[in-house]
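Protein chains: 4
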Amino acid sequence: MGKSEIRNVCKVSFDKPAAEQPNLHNRWHPDIPFAGTIKDGETVKIECLDWTGGQIKNNDSADDVKNVDLTKVHYLSGPFEIEGAEKGDLLLVEIMDVQPFQDQLWGFTGIFDKGNGGGFLDEIYPSAAKAIWDFEGIFCSSRHIPHVKFAGLIHPGILGCAPSAEVLDTWNTREAELIAANKLDRDVALPPQPLNVHAGSADEALTEKIGKEGARTIPGRPEHGGNCDIKNLSRGSKVYLPVHVPGAKFSVGDLHFSQGDGEISFCGAIEMAGVITINFKVIKNGVADLALKSPIYIPGPVEPSFGPGRYIYFEGFSVDEHGKQHYMDVAVAYRQTSLRCIEYLRRFGYSDYQSYLLLSCAPVQGHVAGIVDIPNACTTLGLPIDIFDFDISPTAALAKTDKLNMGSCAFETGVEEGRVTAGGKNSKVSFGGGLTYKE
Amino acid sequence: MGKSEIRNVCKVSFDKPAAEQPNLHNRWHPDIPFAGTIKDGETVKIECLDWTGGQIKNNDSADDVKNVDLTKVHYLSGPFEIEGAEKGDLLLVEIMDVQPFQDQLWGFTGIFDKGNGGGFLDEIYPSAAKAIWDFEGIFCSSRHIPHVKFAGLIHPGILGCAPSAEVLDTWNTREAELIAANKLDRDVALPPQPLNVHAGSADEALTEKIGKEGARTIPGRPEHGGNCDIKNLSRGSKVYLPVHVPGAKFSVGDLHFSQGDGEISFCGAIEMAGVITINFKVIKNGVADLALKSPIYIPGPVEPSFGPGRYIYFEGFSVDEHGKQHYMDVAVAYRQTSLRCIEYLRRFGYSDYQSYLLLSCAPVQGHVAGIVDIPNACTTLGLPIDIFDFDISPTAALAKTDKLNMGSCAFETGVEEGRVTAGGKNSKVSFGGGLTYKE
Amino acid sequence: MGKSEIRNVCKVSFDKPAAEQPNLHNRWHPDIPFAGTIKDGETVKIECLDWTGGQIKNNDSADDVKNVDLTKVHYLSGPFEIEGAEKGDLLLVEIMDVQPFQDQLWGFTGIFDKGNGGGFLDEIYPSAAKAIWDFEGIFCSSRHIPHVKFAGLIHPGILGCAPSAEVLDTWNTREAELIAANKLDRDVALPPQPLNVHAGSADEALTEKIGKEGARTIPGRPEHGGNCDIKNLSRGSKVYLPVHVPGAKFSVGDLHFSQGDGEISFCGAIEMAGVITINFKVIKNGVADLALKSPIYIPGPVEPSFGPGRYIYFEGFSVDEHGKQHYMDVAVAYRQTSLRCIEYLRRFGYSDYQSYLLLSCAPVQGHVAGIVDIPNACTTLGLPIDIFDFDISPTAALAKTDKLNMGSCAFETGVEEGRVTAGGKNSKVSFGGGLTYKE
Amino acid sequence: MGKSEIRNVCKVSFDKPAAEQPNLHNRWHPDIPFAGTIKDGETVKIECLDWTGGQIKNNDSADDVKNVDLTKVHYLSGPFEIEGAEKGDLLLVEIMDVQPFQDQLWGFTGIFDKGNGGGFLDEIYPSAAKAIWDFEGIFCSSRHIPHVKFAGLIHPGILGCAPSAEVLDTWNTREAELIAANKLDRDVALPPQPLNVHAGSADEALTEKIGKEGARTIPGRPEHGGNCDIKNLSRGSKVYLPVHVPGAKFSVGDLHFSQGDGEISFCGAIEMAGVITINFKVIKNGVADLALKSPIYIPGPVEPSFGPGRYIYFEGFSVDEHGKQHYMDVAVAYRQTSLRCIEYLRRFGYSDYQSYLLLSCAPVQGHVAGIVDIPNACTTLGLPIDIFDFDISPTAALAKTDKLNMGSCAFETGVEEGRVTAGGKNSKVSFGGGLTYKE
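Residue numbers (UniProt numbering), protein chains in the order written: chain A, 1 to 439; chain B, 1 to 439; chain C, 1 to 439; chain D, 1 to 439.
Chain A extracted, bound-state conformation (with noise of 0.2 Å):
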């Protein structure tokens, strides 16, 4: 009773190459034989190799990215056939998650050489470069950038459902006039070409027909999508992919762990290996009723924010500063919370009452965190960082830089200022050095 395990509909060799793996193909042409059957509605794993089939490896020279074979690349897993999808459906794809494979936590950004596929910048930067980088959980960090690590914007580089024979002959026809005009001094484009071939299961003569009609993948294509390197159609994302063929003929690949816009030194995600969960939807007619001629997508909930949480949480229980055990008491909890701030403050100069005066209107965040583990209410503040002009972090406060000049709050007439930090006009409680309550 109850699901515990996703079907996994392709897995993927490391040990043999992608060319003989008949799950993988690296061309769009509608006559690629299914490397597999997926239900409409379900939720299923797809392994993926690296764009380049594993040429890259995980060293510390570029010479393996200078010499890439770029007739090698690519490799798509699929096509697969989703029940019931027809020409003219859409395809939803939502994406659940994307990783990489647990034992192969690694991958790589790379500059092509000028001479071998170049890049946005290559008249400027014509060598050939490279970086690895290492993933922890949502984080990665290279040896070769330091001093860098973010979480990974993870997505698919590639996907989408095969062209039907006329979808692909407009796609030749328009690519083959642009080539014919071409007056630039560099490749505008690459027409179909039988060289390193892979068409899944095909046999041999399939395979030389798809070699000479098949679409290569380097381009995203307005009917399909494709290549499209888009850096937010993440995890969560809800893509909408029209059917040219029956079965729709999915495939997927080109993993990333993260891409910046543009993806501008061309091999320039974080290009790596791993498993893609997605749930797949057909809706019937779809193409007509939305009136899509590109597919469109709706991103998903979880678009990291590209840096720690902006505010550090305080935590308090319902024991107070006597001591005393309170059965429970949120107020009590919250009321520690509040000087557990106060006393960190402290550190940077603040007064107790200026901090006291600060967190009643500044934009602290108090939650009731836990309610239920007894005796112990648990509450919790959230100080912002960014409304103080200097860096009241953990890492500033262990430095322990010169504290500011803070001045002084305005206090009422009498009250010595020496005081008032440590406890307060008439206060029965007042601090000691070490910053513990005494009596």
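Certain hints may be false.
If chains are identical, the list can't say which one is meant, so a pair holds when it fits in one copy or spans any two.
[Said to hold, decoys possible] Calculated pairs, BS3-like style, for lysine-lysine (alpha carbon to alpha carbon, straight line, at most 30 Å): (1) Lys324 with Lys403; (2) Lys149 with Lys45; (3) Lys212 with Lys11; (4) Lys284 with Lys403; (5) Lys87 with Lys324; (6) Lys16 with Lys87.
To be clear, the hints were calculated from the coordinates, so they are not data collected in a lab.
Mind docking chains B, C and D on chain A? Use the hints.
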């Protein structure tokens, strides 16, 4: 044709006492006369005094806080007749804006003396204290709490509709029971008190009645909300308020430029006088239809993040690195924008190739900013600040501290590292010391 | 004591032509006389006309847009002397606020006729058209595009410092080369043109010179920013502007209540007249120290989310379900807040036990809202709207549509499902049909 | 070269009882033997059982919840020796990730019977109940609470370092005083109890001692945190934990896929077994340097927004409306992207000119998505969903409800409104009914 002003239904004066202004009042009672009429669906402006009615001054002593007369506070604006509202309806209040008066750009936070008002931590901090805050646009800062500046999450502390006689009776009964059972050494609730009663335009006899029966304004109460002091019930919020009497008798006041959860020092928010802009809509029979026993609200869309944006944005235009003007070429502009960012990162020790790799894979934001101002397309590139483990802000860049050791990215064999920062192997473009392009 | 107003350095008039107001100008040129002086560190207000200088009216015809005189636009406020600024410095401009005039609460978006201005899609949409927008607080809406309302990301379209003679010469040279090379059937750039030149307080001879040399204001340019039209260069943003001439000669104008990336219809933002509040700081030698070739900026903290908050917030107070008043008891308040939410969810078909389970595990926000207003603690509980796959908003609740089939949670053996919603097995509390507690 | 796996320091078994696994324990005590050793600076994986040690099953009866043995819960993983940690240090714990086991993709939320555990609302809801949740990637949903799906804010309920003998004595003393003074009709705290004690690899004699002295795990406590149940102490969070004994003796457990503030039903979170990935760093003398009496934390960067993205993103490529292929032309791609959006909005009744105006001024997001995949530049345009007062989602578009009356924008004189939607006056391009371009 076309509306160009918003009707102001409540002007307040700073030149005469609050108690003499007939559109203000300081009790909750169904018999306080209407201060004006508002149409169902109308948007109006309502001016409000600060909650002490002007007792607290913009100076450097807290004696005014210590000696505040707490029987002369919470002068609310209203009550207003909302046309068509009847008992059992909901009043949908949308807060379109809250602003301080443009010639009164300041507010205050107070700590009351333990003997006159007190607060959440008064056993530890018994003295009166005060901070004055200056407003500059969306920001506030205080000479009494230096090195703090933040955007206000501006909101009304009090808003609600008048209780019916029955609801008022419930309040008075249950609070009297609490007072009767009190064994603490402090006030636990404030009963009706015929002292300094201001009942708007009521005559003497009615004012006397209201003084004897009218509920005090300090606590919020479940049946109508009232002094709820909710920090994010701010601009753009929609509040659903139960209506208990014909015409609703809506009142509002106690404006806060900002407040923390709990408003812990009691006079804790940044208290201010100002103008609130509200849209009113009546939902017939809404109390039963939503079965509301207390107000609910949906927060608005402009909650500050309480920090600056965590990106540095670079601008680029369609003038290339040779100074040539291109016509609306977005790719040229985006290429220039990328170069601006690479140049910026040099001063922290990164080589151009490291930055080029980083721009490709880090989640940079690449926007088409302006695409219609001939001949220059303008693009922007936002670099996330927090992916670095050191400070890359302009402030840090200007401080000229020592560069970190940034190592190197991987290169193809034969590339001299020293040269690649300066344009790369075989490059026709090199960079001089002044970081300008030369051929 | 204590500042209470902000100095207004530029008043504009709606009663006389823009061309007659000496603190406005419509060319970039180093010789335009100063319109005022601002201290290093000072915050000031600057009034601005809309970018057409009042040519577009609040009515329902686009003839004014069709016939707009494009030689009479971009009347900028300034140029202002910033004390101490010199060539090579950076001017740090912090945008403290932007507001429309309170008696001119409207703006416009136009599509220019293809023959007079045009725009990004003019080959497809060649006619002139217009939408008038009304402002109510932070929101705008238009009778010409019904069913749309949003919070403005308000910003200046143009800001920058005057070019030096050398910089101006660079601009004129490179744009002339583009014009000379033009083979398109449209203008690709606008050269200096001595027609309707407004050079502020310049005398006739100087105005003639400025007309011959002065750069047009349409394009943004890399050396100073200018008409960059960046949609999130909004409130709270800090812009770093290169200074080219003594005193900086800062100008600003073309205020937008909102704009989309690209400002695609050319007259595309919501254009308005209004007041911008700016703080100015001079960073000596900043151009070299940051090696800036173009402005950079850090966005502010109040970017709207362009949707309402995605939570429904429930309020609860320390009055328990038997009507008993408790003194500042946060747990009682939070328990009541939870019950308010459980009651609310009943109308969608959930049993109380389902909702109780859901409140425990869904990411609800539980806040200590007010903790100082005796005798009532106030807590809030925010229920995320989007975790449901149907609409739980008050609007939907009021619509009284059919309930979905909500099934049941798992129960212990022997519990009758029908009873548990009404208080549970062995419960002394049951719920009547009116959703009120009865014993 | 290059790390590719993360060390797993704690494997748990589902095949034998928790009480027989030596790397688990269910008391806080300084003498529980180390379960493993972790380096200062190391990142490791730690497997954890669910907090009931497997007592709750994936089925449709809550009898297991009703009869749960609460003396057999909170089997924590650890305690681990952190090399170099000493009393007075802080342990900086960075939560790199938390994941369920891939073959156990489910969790549970329970309501305890009032007579066995109870909860926050047990006086009103006394019966046991349960909901089982299925996990699919980042999302969870339950057959017991239909029509709810959300992304988990996944976190550990319990983490902390072992108390010293002195700290333990303080806990036992103050909680005993509370128990002694109890006059309520329920347990207010749980004293040490030598029943079902699991002390990891301790021998019999030591286990007996730990049973008599060891603190129960239910409450969080100020000195070390422990069972704090804080909902956003999630992935990416950095927690600063006081160290009380040599080697820190860090323990963790009680993983939650999600929890609401308060965890109100006691067994309230979505409880699960799984794997937590943590980076450990020792901060020497940190307790005194930060004067921490309780843990503090800084939340991570990936808090879900608990809703889908509130934008619909349109994709466009550099193939123009005549089917012509352009080479990497971003302006063509952005123009197409704009047209895709205009076409989409037609079905809701907007004319093309209205949409063109709206795209110009509403805060649409225009991104350079991909700029290196020849020949197609790819741009995206994000249209904010919530600026409309009706539903523009694809789901709504597919529902084919009646169109609203959208009126018209303002036009220049002489334009026939009927024609402008179809391409505009003088346009060479018109649109057929099928929403495709024809010449």
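To see whether the hints hold, each was checked on the structure:
no.	hint	in the structure
1	Lys324 with Lys403	neither (34 Å within a copy, 50 Å between copies)
2	Lys149 with Lys45	both (28 Å within a copy, 19 Å between copies)
3	Lys212 with Lys11	within (28 Å within a copy, 53 Å between copies)
4	Lys284 with Lys403	between (67 Å within a copy, 21 Å between copies)
5	Lys87 with Lys324	between (72 Å within a copy, 24 Å between copies)
6	Lys16 with Lys87	neither (35 Å within a copy, 53 Å between copies)
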